[in-house]
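Participant: Sequence:
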Amino acid sequence: MAQIKRIISTIDSHTAGEPTRLIVGGLPPLKGVNMEERMMYARNHLDDLRGLLLLEPRGRQDMYGAVLTTPTDPQADFGLIFMNTQQYTTMCGHAVIGAATTLVETGMVNVIEPETIVTFDTPVGLVRTRVKINAGRVLEVSFDNTPVFAFQLDVHISVPNLGDVSVDVAYSGGFFALVDAQKIGLEIETANVEALLNTGMRIRDAAQSQLSVRHPDLAFTNRIDCVEFCGPTKRLEDGSLYARNTVILGNRTMDRSPCGTGTCAKIAVLHAKNELKVNEKFVSESIINTRFVGQIMGETYVGDIKAILPRVTGRAYLTGHHQFVLDPDDPFQRGFNLFDSNK
315 MAQIKRIIST IDSHTAGEPT RLIVGGLPPL KGVNMEERMM YARNHLDDLR GLLLLEPRGR
375 QDMYGAVLTT PTDPQADFGL IFMNTQQYTT MCGHAVIGAA TTLVETGMVN VIEPETIVTF
435 DTPVGLVRTR VKINAGRVLE VSFDNTPVFA FQLDVHISVP NLGDVSVDVA YSGGFFALVD
495 AQKIGLEIET ANVEALLNTG MRIRDAAQSQ LSVRHPDLAF TNRIDCVEFC GPTKRLEDGS
555 LYARNTVILG NRTMDRSPCG TGTCAKIAVL HAKNELKVNE KFVSESIINT RFVGQIMGET
615 YVGDIKAILP RVTGRAYLTG HHQFVLDPDD PFQRGFNLFD SNK
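All letters in the sequence shown, in the order written, are residues 315 to 657 by my numbering.
Heads up, some of the hints might be wrong.
Simulated pairs of lysine-lysine, DSS-like, Cα-Cα distance not exceeding 25 Å [as the list claims (entries may be wrong)]:
1) LYS446 x LYS587
2) LYS620 x LYS587
3) LYS548 x LYS595
4) LYS620 x LYS595
5) LYS319 x LYS345
6) LYS446 x LYS595
7) LYS548 x LYS497
8) LYS591 x LYS548
9) LYS591 x LYS620
10) LYS497 x LYS446
Hints listed in this document are in silico derivations from the structure and should not be mistaken for laboratory results.
With the hints as constraints, model all of the structure from the sequences given.
Facilitator: If you want it as structure tokens, here you go:
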């Protein structure tokens, strides 16, 4: 009879095509007085479980996960810690939408129709979601992100095989380098996935080495982790702005969704360039043609930096309930990644 070392329960979903593996049971308590400390505790003491659940053979290169915890802030209903196949991350919009959908559709929260409010405690602060419901089904989820801002506009970096590249840098739960895809000869289409991945990694590495970034209040947020390729912006008939995008992160990972935090980063840049006003909407379309809608709900400051209060709306779908087990003789207790260039 098999000897089982560990049993971990997850509920999986996808948000506009991007997966979220929500860990709901089987982990030891995460220590820390706030979610930043709990994230660091998980990074230092439980990183083997991140690999176990997200990497092969139980996951895949582009898997994404989140840990559901008790909150550290009494204003929140739950805590969330985010992770991808390379590292822990401080915020993730598609995972927030996925987690809120999971909690409502599995009855883990008291459901009130037509709208249920679920507030998450995250490493970057409180994130409130508004879950629109009809007959017990989630129709859409909107989340109010923490303040985001354009950090630098039209800054130039030198990228191998590309030369001089102009990027806009924005903070949205982490720092993004936004690039006009057409200016470097790329279209945001599935036929160009490899080129987008390879180019995105080169731009990210160049941005990390050549640009200095730091959040005024969050000292642990101090490097550019994501590259967002942006297509041309156009005005739709209803007055909304529209553009395609794709976000490259982690270890050659491409977000299948329009990226919740990436959408926030984009509207922060559009606002800084006077192209999107408060209350105007922005339709963000992914490389697989799924959509989020972003909106600027107000303006504020982070330190002395002018910032916006963004809202993003999307939809998630449950895909499975899982109980993952670990045999003590399994040679892949941390999983494996065929594409890991650092192994």
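Participant: Each hint: holds or not?
Facilitator: Comparing the hints with the structure gives:
1. Our distance criterion of 25 Å between C-alpha atoms is broken by LYS446 and LYS587, whose separation comes to about 32 Å.
2. Of the supplied pair hints, the one linking LYS620 and LYS587 holds, its CA atoms being roughly 12 Å apart against a limit of 25 Å.
3. Proposed proximity of LYS548 and LYS595 is supported: the alpha carbons are some 12 Å apart, at most 25 Å.
4. For the hint linking LYS620 to LYS595, the alpha-carbon distance of about 19 Å falls within 25 Å, and the restraint holds.
5. Pair hint LYS319 plus LYS345 holds up; C-alpha atoms about 22 Å apart against a cutoff of 25 Å.
6. At roughly 18 Å between alpha-carbon atoms, LYS446 and LYS595 fall within 25 Å of each other, so this suggested pair holds.
7. Annotation: proposed proximity of LYS548 to LYS497 holds, straight-line Cα distance about 16 Å (limit 25 Å).
8. Restraint check for LYS591 and LYS548: satisfied, since their Cα atoms lie roughly 15 Å apart, inside the 25 Å limit.
9. Distance check on the hinted pair: LYS591 and LYS620 sit about 14 Å apart at the alpha-carbon level, within 25 Å; holds.
10. Between LYS497 and LYS446 the CA atoms are separated by roughly 39 Å; this puts the pair beyond 25 Å, and the hint is violated.
Hint compliance for this structure: hints 1 and 10 are not met, and every other hint is.
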